[in-house]
Amino acid sequence: MKRETAGTCERGTTLVELMIGLLVATGVITAAYGVMATSQEAATINAQTLELQQSVRVAMAIIAQDMKVAGFGMIAPVGACGAAVVPADQAPGGPDTGSDSVSLVVPTTLAALASPAASPGNILTLEAGSIADATLQGFAVGAAISISGSVTATVTAINGDVLTVAVSLPPSALYPTGTMVYWLRCIRYAISTDANLCCGPPPCLVRGPAATPAPVTQGIEDLQLAYACDGCTGGPADGRLDDQNGSNTFDDGDFISNSAWAVSPATPDTIRLVRLSLVGRQMRPDPWWHESPPLIVEDHNPAADPGFDQQSYKRLRRRLLTRVIDIRNSGP
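Okay, so the sequence shown: first residue is 4 according to the working numbering, each after it adds one.
Check each hint, because a few of them may be wrong.
[What the hints assert, rightly or not] Quick list of simulated restraints, FRET-style, between CB atoms:
#1 263 with 323: 22 to 28 angstroms
#2 256 with 153: 37 to 43 angstroms
#3 96 with 256: 17 to 23 angstroms
#4 157 with 309: 16 to 22 angstroms
Because the hints were derived from the structure by calculation, they are not lab data. We treat Cβ as the ideally placed atom computed from N, Cα and C, and that holds for glycine.
Start from the sequences, fold in the hints, and give me the full structure.
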């Protein structure tokens, strides 16, 4: 007896089904790639934003620290600085079309005393090799120094690591071995657009003697300063800030953003407070950012700058940081 087994009919995938499968797979891959690209772009932008914020904070911290100690007991002009703070408004007679700058008398650590110094002497022996290092940076006869921030003198002679200064130490003064000696220097802060000086894409904040500045941090595109004073309006310095706007109280209107600070009574020695503003920007254009109107700070509107281009300007995120700093060593 013959048994017959029903055959099994196997059917393959049709072309239509294959194409549908490919379309679905392509859609999934495309969506995944889009999510990945978006995530990568967002991560890049976040990294740039964090870098921007950090740059502005670092720049502010460095300038603020120098401003707080500016002067450091100076008894005479130091280099180009006739006062602890020397403003340089970009356009003293009207609105700025660029960044301000400022020069400060700043203490730089020179060395520690290698042996005690006592009155009535005027000889200071410093740690071995310290003067040779400082000479490379411009230290020479005529430099102003400060012993521990309490005595300021001018160097009249240099013999190795031994300094002769112009004034004798105060009566009964004794400075033990290890007492720090500081070199007072006239340091200028400004914004540079020189790629060679910035060591990369400009702009950057620079610091140092006017002839040999060095970059501090990149991405800082604007530095604006306004000053509050005591005695700059003609009256005597009385320990109170001058009321510039007649409001009978101290407020924002008492800060001066337009002045040459070169004609009495508005001279740098009357400055007591500085309102310091820094604007930082991303170093690379942000394709997702199209909302940057000109950021006006103090009397500076970037739209009035030579060569201003709104299309380029609005493609970069910016951060503004402002701080009011007390000038401790200015005036009587």
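Here is what the structure says about each hint:
no.	hint	result
1	263 with 323: 22 to 28 angstroms	holds (25 angstroms)
2	256 with 153: 37 to 43 angstroms	holds (38 angstroms)
3	96 with 256: 17 to 23 angstroms	holds (19 angstroms)
4	157 with 309: 16 to 22 angstroms	violated (42 angstroms)
Hint compliance for this structure: hint 4 alone is broken.
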